[in-house]
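Protein sequence lines correspond, in order, to chains L and V.
The opening residue of the first sequence carries number 1 in the working numbering; numbering runs sequentially from there.
The opening residue of the second sequence carries number 1 in the working numbering; numbering runs sequentially from there.
All the given hints hold, so there is nothing to weed out.
With a Cα cut of at most 30 Å, we get these calculated DSSO-like pairs of lysine-lysine: (1) L/K76 to V/K242; (2) L/K90 to V/K48; (3) L/K113 to V/K258; (4) V/K242 to L/K113.
Partner residues are not named here, just some residues of chain L that face chain V (Cβ under 10 Å, in silico): (5) K76; (6) S77; (7) R83; (8) V86; (9) T91; (10) R105; (11) L106; (12) K113; (13) H114; (14) G115; (15) L117; (16) K118; (17) T119.
Keep in mind the hints are simulated off the structure, nothing from the lab.
Note that this is a predicted model, so its numbers are computed, not measured.
We put the beta carbon where it would ideally sit given N, CA and C, even for glycine.
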Amino acid sequence: MDCVISGGNVRVLAKAIHSLSRIGEELYVEPQKDGLALRSVNSSRSAYACFLFAPLFFSRYTIPTCQTFRCKMAIKSVQAIFRSQVSLEKTVEKCHIKLEEQKNRLTFTLHCKHGLLKTHNLSFQDSESLQAVFDKDSYGNVFRCNPRLLVDTVTHFPPSLEEVTVSVNDERMWVRNHVEEHDQGKTMLTELCLGSDEFEHFAAQNHNSITFCLKELRGFLVFAESTSLPVSMYFDEPGSPVVLCVTDSVLEGNFVLATLSDDVNHCRSNTGLANSSPPPPDDFMNDDMDSYLISMDTSIAPAPSSAGAPTPPFVAPACSKQPAVANHRARLYSEEEDEEDLGSSEGPPNKKFCSLFFGSVLPPSSQTSTQPVMTQEVLASDSEDDSEV
Amino acid sequence: MGWRNVPYEALCLCFRTTMPLSTQSQPGEQHVFVASLDNARNLSNILKAIAFKDHAIFSATPNGLKVTVEDSKCLQANAFIQADIFQEFTIREDLVGFQINLTVLLDCLNIFGGSAVSVAGMSTVLKMCYRGYGYPLTLFLEEAGVVTVCKINTQEPEEPIDFDFCSTNVTNKVILLSESLKEAFSELDMTSEVLQITMSPSQPYFRLSTFGNSGNAHYDYPKDSDMMDLFQCTKTQTNRYKMSLLKPSTKALALSCKVSVRTDTRGFLSLQYLIRNDDGQICFVEYYCCPDIEVDDE
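Construct the entire structure; sequences and hints are all you get.
Structure follows, in structure tokens:
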């Protein structure tokens, strides 16, 4: 691999690496025919991010023709190369990335003003392919907006907040801090309502609420804000991952974040499709001027996030066929009648997002076929994984 | 009153006055060394650039004040403040020397919180007096009509290490604008134990290298760079210096506008920083550092 990035694109690359560093500890580098893929996944595998920089993004892009090459390295060490924003903006003229396979190192050379040359030789490890399985195009809820809108929205939440809940109906999107059931009444609730006219595109087929981690959303926004490219958000139902996406002609960034699953909503949506699911009824909603919301069926009482039961993220109807998930849910129901206890019966994993959406670390060819098995394995290991600290 | 018997490093007394500071010291007292400054920041800033250890050796001569701080017998930092930077600089002996706790001295110099803001007309006026061996160093600090008198205990001066770095033995010398080195130093991989400096009449001319956990990094400055004020290298030399020893010098680098990097035949490193103070006057800070490991020239 031998590629050269010049001028402003170095800053774009730097921002991408910076935002990937909010996801995981390692950077997966894969030079592909259709561009350079940079990926990261968090340790509990509940968040995944991928940037693909098209060959046109580079002023030179050559990759080994004979064999595929993949590697991973500590993201911190790559980040260190691009640490100084000031110097990136003022002094860096181009960046040369070169793979020296014999020496097992990836060389980043920054050509700066005044002839200063900064060469970083980073060691790497070979890695398998990292691919998340998601199909955002099948999702019913699609929103596109200026990143500013989301940036301005998340600034209202404290840095310590872990998760946000996003609810939608045909005209509005609500973003609020997610509060664990047992903490309700102790915590201040913050909710922002965004009208559909603030979006470039607003399509809410399923009136759902999803809850996901704010940290990764902020990470995504770090990048999106710097490029000012419109951002798209795709989601389906609780438990299916939310996909955040930023694209232009030479790059594509996808962030896939697990959402907390909501058993009740989930069952409903499986049986009667999600269109009839009400938005999450809570006091805040009732205060809202949209009286029609109140008139909707509020008999399903649980907060949208009463349980963290894992559900697979990809296409919704298929997921109920997953043996792992089905068993899991059955067990929960047999043990606990009460929805409130349902959450607590999960113990610590209650707050955990599950890492189901990975056929990761698998050769791409076998991904689809082994998906159910993989899901099961990952579920078993990752509910204990404490990465959200 | 038991406090009289408590050993102290400094005693401070603060009062409000209408008398100008110049008339504060009693005329009967004989001081071997008196120096005053309109703006105490001009002294405190430059002392901060060498404040990596508590103990500092003060040597005053008619030319000015030299303050020396050392670490592990491998590193020495000297701050030079010329006599003409002071508004008053009186010395009754050829050499007045004492050792003092630099941290305490800096705390006293900033007793009005002076370093935080440099609002015009709000500077701290300083007068330093020393009566001689065994006496404390007395500081009179005045700001907005409030005077603080600080007495800081002095200690027996130690003999500073003689690094025997003389300009005739210098093999390589470059002078850089500090700006370009500041960037490099702020990005240095601190997981590397050493900083390797290569100076050479041929490529890579002037190179800083680190060897950290995740790989190595090189910063190359071509000899014809705009950032290079002077390039005099006669022989390729590669030496390693302990990162932990060089780290404190970044404080001086941050204040400076130019830096001279020299190595001698033994591989000893001299870093000289040219520092411009608030009033545009020039002071120098100098660091000497022993090489860590001998590296064969390649």
